[in-house]
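Residues per chain are reported as follows:
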Amino acid sequence: MNGLHDLGGKDGLGAVAPPPEEPVWKAEWEKHAHAMFPLAFRAGFFGVDSFRYGMEQIEPVEYLTSTYYEHWVHSVTHHGVRLGHLDPEEIEKRTQYYLENPDAPLPEGQDPDGELVAFIEAVIPAGATAARPGEKAPAFAVGDRVTVVNEVPKGHTRRAGYVRGRTGTVIMAHGEMIYPDTAGNDLGEAPEHVYTVQFTNAELWGEESAEPNGTVTFDVWEPYIVPATAQETAA
Amino acid sequence: MSASHSTAPVASDHQAEVVARVKAIESIMIEKGLMTTEAVDRLAEIYENEVGPQLGAKVVARAWTDPVFKARLLENASTACAEMGIGGLQGEDMVAVEDTDDLHHVIVCTLCSCYPWPVLGLPPNWYKQPAYRSRMVREPRKVLREEFGYAVADDVEVRVWDSSSELRYWVLPQRPEGTDGWSAEQLEALVTRDSMIGVGAPKAAQ
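Top to bottom, those sequences are chains A and B.
Residue numbers for the first sequence follow my numbering, so the first one is 44 and each next one is one higher.
Residue numbers for the second sequence follow my numbering, so the first one is 92 and each next one is one higher.
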């Protein structure tokens, strides 16, 4: 979707202002919000692509003014409700209860065998790769000149606005990986070859506006690109 | 321009609402057997004490002292890190990119906040906020110079890696001058999180 989350190259968003030091978590609730990501994944709420799509559907002003872990909570809620794991009325009722009773404890855990702790201890070092090695021959190779097609789908995609229609060079080929344009839209993994494409700053921002002596790389799935000459002929 | 509205403190009533909402969702998940506070505590402990930039520093220091390992790291960062017991969630398929005299790398994720957790831990807040995500692909030299105090010479190419897929990029910085003969253990202490993101240099040799 052509959403506000697609921030690459937008102007006017202010200073980065990195502090010299900061804690891993800014508040206790952030730990709980973080843990919801692997635990709700385990419970079948989402895969990583759907999880991102949940965040992309946050109302735009809220997206820009709320924090990272609020985005996570939003996506957990979005998918939890959508798939029937969470009852929205129950969430509102309990939110009100904990607002009025901030010191009220959480319910007792229902995990006598410690399976959830074991899952956390297993998933963090193991991860869950998106690589799906397959038999499909890649259509492109390192060194190819390619153009990102100007296609703007409504659902989840990783086709960032600032690279659409731009031409660059394939500098790495990574094999087949889960395709976010299907996986993020409940349409299955449908793996596609992934490539890293390098663009000059001038190609992205124009000769006059670009910083000198710089390039940007962007990873694309095969359907995102066409041979540069084909695009030029079609244009 | 004033500081970004995105970095402004969140109003306390809003904060109270967020805290209550997280508790509400967690309480439902606990009752369904999908979550426990023990699992939350274990995850928090892992990212506070076990998985962080000290792991990336070990990998970098080894690459600086072991050319054969460095070649393996640049060929396949995930398998090279796995030799040292390092890897996993949000770094299943990692790529280490090497700074040289005429090329400097920096990482960003413009579409969300992708970051190589197994070697760098969880991302700093600025990495996840709109200012860094929007500007790093458009004016990286300016951001590096003005926001991070890290000036890149004009004759050095700045290459920005936008982590748009599940590949997780991170930077192998240049070994500091004056460290000939240092052990990997000594060098580890010079490797900073920021030098592996590409927004800073390693510490200088003392």
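Think of the hints as simulated: they come from the structure by calculation, not from any bench.
The beta-carbon is built from N, C-alpha and C at its ideal position, and this holds for glycine as well.
Careful: at least some of the hints might be erroneous.
Claimed, not checked - With a cut-off of at most 30 Å between alpha-carbon atoms, the simulated BS3-like pairs for lysine-lysine come out as follows:
#1 197/A / 179/A
#2 123/B / 294/B
#3 53/A / 219/B
#4 233/B / 294/B
#5 149/B / 219/B
#6 294/B / 219/B
#7 136/A / 123/B
#8 123/B / 69/A
#9 197/A / 219/B
#10 69/A / 149/B
#11 123/B / 233/B
#12 179/A / 69/A
#13 53/A / 197/A
#14 53/A / 233/B
#15 197/A / 294/B
#16 219/B / 233/B
#17 69/A / 161/B
#18 69/A / 219/B
Said to hold, decoys possible - To spell it out: a stretch of chain A is covered by chain B in this simulated footprint if at least three of its residues, at any positions, have a beta carbon under 8 Å from a beta carbon of chain B; those stretches are:
#19 111 to 118
#20 196 to 206
Results for each hint:
Our distance criterion of 30 Å between C-alpha atoms is met by residue 197/A and residue 179/A, whose separation comes to about 27 Å. As the CA atoms of residue 123/B and residue 294/B are separated by approximately 49 Å, the hinted pair breaks the 30 Å bound. For the suggested pair residue 53/A and residue 219/B, the alpha carbons sit about 15 Å apart, so the restraint of at most 30 Å is met. With a C-alpha separation of about 21 Å, the suggested pair residue 233/B and residue 294/B falls inside the 30 Å cut-off, and the hint holds.
Among the hinted pairs, residue 149/B with residue 219/B is consistent with the structure: their alpha-carbon atoms are about 25 Å apart, no more than 30 Å. For the given pair, residue 294/B sits about 24 Å from residue 219/B by alpha-carbon distance, which is consistent with the 30 Å threshold. The suggested pairing of residue 136/A with residue 123/B holds, with an alpha-carbon distance near 17 Å, which does not exceed 30 Å. Among the hinted pairs, residue 123/B with residue 69/A is consistent with the structure: their alpha-carbon atoms are about 28 Å apart, no more than 30 Å.
The hinted pair formed by residue 197/A and residue 219/B meets the criterion: a straight-line CA distance of about 24 Å does not exceed 30 Å. For the hint pairing residue 69/A with residue 149/B, the CA-to-CA distance comes to about 26 Å; that is within 30 Å, so the pair holds. Between the alpha carbons of residue 123/B and residue 233/B the distance comes to roughly 50 Å, so the proposed pair goes past 30 Å and is violated. A C-alpha spacing of about 45 Å is found between residue 179/A and residue 69/A, which places the hinted pair above 30 Å, so the restraint is violated.
At roughly 20 Å between alpha-carbon atoms, residue 53/A and residue 197/A fall within 30 Å of each other, so this suggested pair holds. Between residue 53/A and residue 233/B, the direct Cα distance comes to roughly 15 Å. Compliance with the 30 Å bound is thereby established for this hinted pair. As the CA atoms of residue 197/A and residue 294/B are separated by approximately 46 Å, the hinted pair breaks the 30 Å bound. Between the alpha carbons of residue 219/B and residue 233/B the distance comes to roughly 19 Å, so the proposed pair stays at or under 30 Å and holds.
Taken as a hint, the residue 69/A and residue 161/B pair is broken in the structure, with Cα atoms around 36 Å apart against an allowance of 30 Å. With a C-alpha separation of about 14 Å, the suggested pair residue 69/A and residue 219/B falls inside the 30 Å cut-off, and the hint holds. Proximity of the segment 111 to 118 of chain A to chain B, defined as three or more residues with a beta carbon under 8 Å from a beta carbon of that chain, is established by the 3 residues found. Coverage of the segment 196 to 206 of chain A by chain B holds in this model, with 3 residues showing a Cβ closer than 8 Å to a Cβ of that chain against a need of three.
Figure legend: structure checked against the earlier numbered hints; hints not met, in rising order: 2, 11, 12, 15, 17.
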